[in-house]
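> Residue-level listing of the chains:
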Amino acid sequence: MPETMLGNGIRYSGIHDPKFRSCLLTLQFYIPRDRLTAPVHALLPDLLTASSAAFPSVREMTLQLESLYAADFIAKTSLCGDAAVLEFTASWLDDAYALGGESVTAPMLELVTDALLRPNAENGAFCDPEFRICKQNLLDDIDCEQNDKRSYALRRAAELTFAGEPAAIPAHGTRPEAERITPEQAYQVWQEILRTAFIEIAAVTPQPRPEIAAYLKSRFAGIPRQPETVVFEAPSPLHTPVRTETECMPLGQTKLVLTYKYGKIRREVLLMLCSILGWIADSLLFTNLRERSGLCYYCLLSNAAFKHTLFIDIGIDAANLEAVQHAADAQIRALQTGGFTDDMMQKAVLRYGFQAAAASDTISDLAVQQILQLRRGDPRSGAEIAKAMQKVTRAEIAEAAKQLRADAVFVLRAEQEEAEPDAF
Amino acid sequence: MHSEIITLKDAGTGDCCFRILHPSGLEIRVMEMPDFSTAYAQFGVKFGSVYRKFRQGDSVTALPAGTAHYLEHKLFEKEDGDVAKKFALLGASVNAFTDFDRTVYYFRTQQHYYEALGLLLRFVQEPYFTADTVERERNIILQELMEALDDPADQGFMHLLEGLYHSYPLHPDILGTAESIRQITAETLHQSHRAFYNLHNMVLCCAGNVRVQEILGIADKYLIPAPPMQAEPLFAPEPAAPVTAYRKCAMSVGKTQFSIGFKSRPAAGTQLLHDSLLASLTADLLIGSAAPLYQRLLHEGLINDTFDTDCFTGTGWFTVIFEGESDQPEAVLQALCDEIRRMQTEGIDEALFAVLKKAAYGDSIIGMNNPESACTAMLDAYIWGCGSPFDRTAMLADLTAADIRQCLSERFSGESVCLSVAEPESTGKEESEL
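Line order of the protein sequences matches chains A and B.
Each residue of the first sequence is one higher than the one before, counting from 1 in my numbering.
Each residue of the second sequence is one higher than the one before, counting from 1 in my numbering.
Hints in this document: simulated from the structure, not taken from any laboratory.
Check the hints yourself; a few may be wrong.
As the list claims (entries may be wrong) - Label pairs and their computed distance ranges (CB to CB):
| id | chain 1 | residue 1 | chain 2 | residue 2 | range |
| --- | --- | --- | --- | --- | --- |
| 1 | A | ASP34 | B | ALA153 | 28 to 34 angstroms |
| 2 | B | ALA397 | A | ALA214 | 33 to 39 angstroms |
| 3 | B | GLN328 | A | ASP34 | 32 to 38 angstroms |
| 4 | B | ASP132 | A | VAL231 | 51 to 57 angstroms |
| 5 | B | GLY14 | A | GLN191 | 43 to 49 angstroms |
| 6 | A | ASP34 | B | GLY118 | 53 to 59 angstroms |
Every residue, glycine too, gets a C-beta built ideally from N, C-alpha and C.
Using the sequences and the hints, build the whole thing.
In structure tokens:
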């Protein structure tokens, strides 16, 4: 993929693929996390996409996007290791499909860069009422974070397993911290990010469009850039003994989250390990916790790669808590002793190969794949990694699994477990 | 076998869809997209959670709620284990879902597409249930139900449907209830499979890096010709008015959630597509994020960015939904009803209408630009009784302000509205209907 630097700490990748009918531009700002700025980081995506100096209200911004054939401009803050990524993504219909032959790309580039560089702000502060509305949205999000019980349990488990590390700071921050955000503070934080964040940009278009890079370069040229280095890789130290926490809530299904930490494992080996443990159709966890014993409806494995931590989250009947924990530990032991089949190893490779191919069929996945490759510092393509996975041996997987150490157990316990589901 | 092939084209994009009436009785729809590296297939059946009663010959059979979903789970299990493992060995990822009016089995893969397609056709046509295997699944489905019951979004939606529909079986949940799930037996599943999984009642949609002739080869090999469809789904007459105008309950939510539903007469075929497109545009004109009312309610703090509109339709129901979070849902409903009346009297904002049509055109063009969404568009068209997945773009161009006015009077009547409110549990436990 052709990458170029558009400025100090501003890297751009231009990808073209004629099978797409739309264009996509993503700009990612890499920033460190701390408790004070976390709620501002959570607020900025909404604030900067809702309006701008050019389109100073949600309505005007939406009208412009709709008139550009339902163009999209969204943003989010995601956590990545001990850092955060402020991600702005715009997508729009390629000019070739515009009904009147007009350009859609030019006004979209202007809309996006205006939103970031000429936000809806005056005298060093974001303007009301848009600031007030976005802040209220953030407070409502914080109030409603328990609505999705599974995400809530995962967040609480992250707080437990990463306690004392930046990764433990909730994505939204806390309500009191969010309440204290002022329009001036938010504006200052954003100006600081523009000045100091490393900016990774990717554009995917049906045809080569060098004008995108040129335009972005000219727009960012006016910023006095002093980028700071953000390190994503931040292995989390192991807690001994295992940390355990239980929270009760009036719900029907108990949520159990188990975390396991590991040291250094080669990426292709880790991918094989995770696939066999939880990602393939007949993974150890799915087969043994759900299919054979019917202990749960879902049992999912996720990997916080930069933190060297695995999360297993399970929805269960509280009566099965102990049995499920033992069963999950037993699957880790099975991995450590080579208790998996050649078929499972083959399926792991096929699954990854398919996912890599599938990513090239979706415009957003294509951009994400390129950016993740750069962020990980692993220049290999998906196909090359699949090839490397093929060479991983059973012994390597077992050896890697021996690094897995239980670290934390979080239980979101159903208070009304004895109730019939109908009685909700 | 000889198949009749109809070629459908989208004049705007040049997209081409083959519609095949296979001698087995199955309709097959294919979009060849050779530039893509993956391919997708959906095998769908017109049998979802609303199919609760059917007539076959002289006998009428009632099914427990959740039967379609239970059947979907159990079709994956065969005498030699879970069929998903066989797909995985081909590098394909298989899954299924049950909706109100359909059950769909699908896979996506980069390689061994035709082998996986053969596997899909066989496993859906050939059930293997025993009392033991059906029993073993029960606890898993009950756990799934527990998870759904803990989801305020799911429950809020069900609460609204209970307020809107008297007899049309949009409730209870697609999964059923704990009681109905316990009533489902291997025989219930066999009976349902025999009645509804008839190729005349099903569709196969394929899109991506595929060739129509090779698909037909697989179809010829694995499709078992079906007798004419005999099961006739039965639905009790549904009154035009909602059950209640207002419902309130307490849920484990952080902020009061509301859903407003405008119920109207159902439509079918291309009329359903036309009306749903029109109703979506009308809802956006009223209170979409580009509408003045949205801006006003946002500024007044009556709604937040969770506010959304949706046209929830199928062959037997039609409801336009407005939902979100608000401390004053009654005020949101009042403002919406006032805006409907104002628009009926003063007319619509023609400039905004033109912008929204342009936006819908953009959505249509991009919407068919990957195998998965192309497959879904073809399947939706079949389930709704539309011949072509490309009808939407042409219909859109023809919509007028007069159509919007008619839609406002027919589909946004103050007589047919229900407001469903879910308050945080601490503010009140009792459920009420006013």
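> Range hint 32 to 38 angstroms: satisfied by the CB atoms of GLN328(B) and ASP34(A)?
37 angstroms, holds
> Between GLY14(B) and GLN191(A), is the Cβ distance one that fits in 43 to 49 angstroms?
Since the Cβ atoms of GLY14(B) and GLN191(A) sit about 47 angstroms apart, the hinted range of 43 to 49 angstroms holds.
> So does ASP132(B) sit 51 to 57 angstroms from VAL231(A), Cβ to Cβ?
54 angstroms, holds
> Between ASP34(A) and GLY118(B), does the beta-carbon spacing fit 53 to 59 angstroms?
56 angstroms, holds
> For the pair ASP34(A) and ALA153(B), does the Cβ-Cβ distance stay inside 28 to 34 angstroms?
32 angstroms, holds
> For the hint 33 to 39 angstroms, verify it against the beta carbon of ALA397(B) and that of ALA214(A).
Holds - the Cβ-Cβ distance for ALA397(B) and ALA214(A), about 36 angstroms, lies within 33 to 39 angstroms.
The structure is consistent with each of the numbered hints, conforming to all of them.
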